[in-house]
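Could you build the full structure based on these sequences and the hints that come with them?
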Amino acid sequence: MLPLELHNLRFSAGGHPIIRGISARLEAGPRSIILGPNGAGKSVLMRLCHGLLVPSGGEVIWHGAKGGDPRRRQAMVFQRPVMLRRSALANVIYGLKLAGKSPRECELRAQDVLEVVGLAQQASRPARVLSGGEQQRLALARAWALGPDVLFLDEPTANLDPAATQEIESLINMIHAAGTKIVMTTHNLGQARRLGDEVLFIDRGLLKEQTPIERFFSKPASSEAETFIRGELP
Amino acid sequence: MSGLGEAFAAAWALIAGVEPGLVSIVLLSLQVSLSAVLIASAIALPLGAAIAVGRFPGRQLLIVLLNALMGLPPVVVGLLVYLLLSRAGPLGSLGILFTPSAMVVAQTVLVVPIIAALSRQVIEDAWREYDEQLRSLGASRPSAALTLIWDTRFSLVTIVLAGFGRAAAEVGAVMIVGGNIDGVTRVMTTAIALETSKGDLPLALGLGLVLLALVLLLNALAALIRELATRRYG
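Chains P and R are the protein sequences, given in the same order. Note that the first sequence covers residues 1 to 234 in this note's numbering. Note that the second sequence covers residues 1 to 234 in this note's numbering.
If you are wondering where the hints come from, they were derived from the structure by calculation, not from laboratory data. Keep in mind the model is a prediction, meaning the values are calculated, not measured. By construction, the Cβ of each residue, glycine as well, lies at the ideal position given by its N, Cα and C atoms. Possibly wrong hints are sitting among the right ones.
[Said to hold, decoys possible] Taking CB as the label site, the calculated pair distances span: (1) P:Ser102 / R:Ala42: 48 to 56 angstroms; (2) P:Ser124 / R:Gly58: 39 to 47 angstroms; (3) P:Ala28 / R:Arg153: 40 to 48 angstroms.
Spelled out as structure tokens, the structure:
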């Protein structure tokens with residue numbers, strides 16, 4: 001379904017422009033990290049790509065969708081996972097059922113992914129009583145169970161401690177290795193370095209640069225990115 | 001003072017002695033109000049959920065109207081249902097005026113706005129939290145509405161019990177459409193009104209105590225359900 005092309009994408013809320021004309025191309029393969037200061041429009045850009053928000057102008061084009069519904073081949077993990085009031089297993093099954101899988105398929109697939117994210121023991125526990133880290137792993141499992149071509153992650157570790165963050169990061173890498181395109185926002189530069197192959201740097205609703213990760217940190221093309229890196233590095 | 005004491009003593013004797021007249025009145029009350037609340041829930045919960053997740057012109061107006069209808073005076077409902085069911089009325093051919101069925105209809109009309117308005121509020125609050133997650137997983141609005149009803153089920157139980165309290169405690173509507181016929185349509189509230197005006201204070205008080213105990217029991221039950229659910233499901 002890739003590449004994903006953004007063509008002069010715009011979005012305003014209440015007459016206030018948030019995304020002010022972004023054009024970019026996301027290819028299959030590299031893990032794309034959307035970086036930028038708070039309020040730059042990272043999350044909004046990702047929601048536009050995923051189809052949760054309707055652009056005020058411009059286009060989101062999935063070049064490889066070939067007539068299929070592109071919405072069915074992407075998934076998203078949010079900063080704060082929303083768990084349904086049912087068991088961990090039932091949460092994963094819920095997504096699979098919406099995707100039109102048979103009950104038997106749902107059950108098997110859900111048990112598989114829980115095993116992979118290390119939650120097999122917790123399968124029958126209510127999702128909402130799991131710890132924050134476990135809930136985010138469950139959210140990853142629920143998204144990945146759908147077998148998406150593209151996985152969007154919106155600051156997936158912003159609320160987690162270092163140990164839980166590390167678990168999430170290694171799961172993201174595993175999902176990437178299994179062939180899913182990763183698109184992730186973060187404002188954690190260390191995480192961007194660890195997980196990213198390329199950086200899309202957003203500032204005040206504009207795409208300042210799209211650069212391979214090494215070059216972004218050694219020789220950023222835009223002065224905004226340079227300030228950002230200097231200001232944010234510990 | 002001694003009159004009041006005697007009345008309480010006599011009332012207690014009626015309750016403790018399981019006096020058949022009193023029991024049949026209590027049972028009819030429960031039968032009418034429980035039927036009304038069941039029917040009202042079947043209408044009002046989907047209605048509340050639909051308004052909560054729906055986007056249509058006049059939605060705000062409908063919400064204001066529903067909220068206002070929560071304070072509908074029972075005698076007015078009784079009068080309207082009376083006009084509908086009387087021989088000359090549009091539903092006169094049913095011939096159910098002055099039967100328990102008419103009382104169920106009146107109490108249903110009374111309780112629908114309460115359950116619909118309160119469940120709309122609860123489900124809309126939940127929708128704000130679940131919206132993006134459910135749409136990301138590909139849920140249509142109707143399927144999201146059903147998910148939300150299930151996920152807010154413990155709050156909805158409290159709302160349904162509030163509706164039951166309202167139905168069991170009202171006197172005006174059942175008095176008008178039921179007629180307070182001894183052994184046919186006499187319920188706790190109409191009996192209390194009648195016996196008080198006749199001066200038979202022990203029976204009135206006895207029924208009053210049963211009604212109070214019932215309301216107390218229901219509220220305790222609602223609190224217990226919530227408590228257990230929060231502990232179990234988070």
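Status of the hints after comparison with the structure:
In this structure, Ser102 of chain P and Ala42 of chain R break the distance hint of 48 to 56 angstroms, their C-beta atoms being roughly 30 angstroms apart. Hint check: Ser124 of chain P to Gly58 of chain R, Cβ distance near 44 angstroms, so the stated range 39 to 47 angstroms holds. In this structure the hint that Ala28 of chain P and Arg153 of chain R lie 40 to 48 angstroms apart at CB holds, the actual value being about 42 angstroms.
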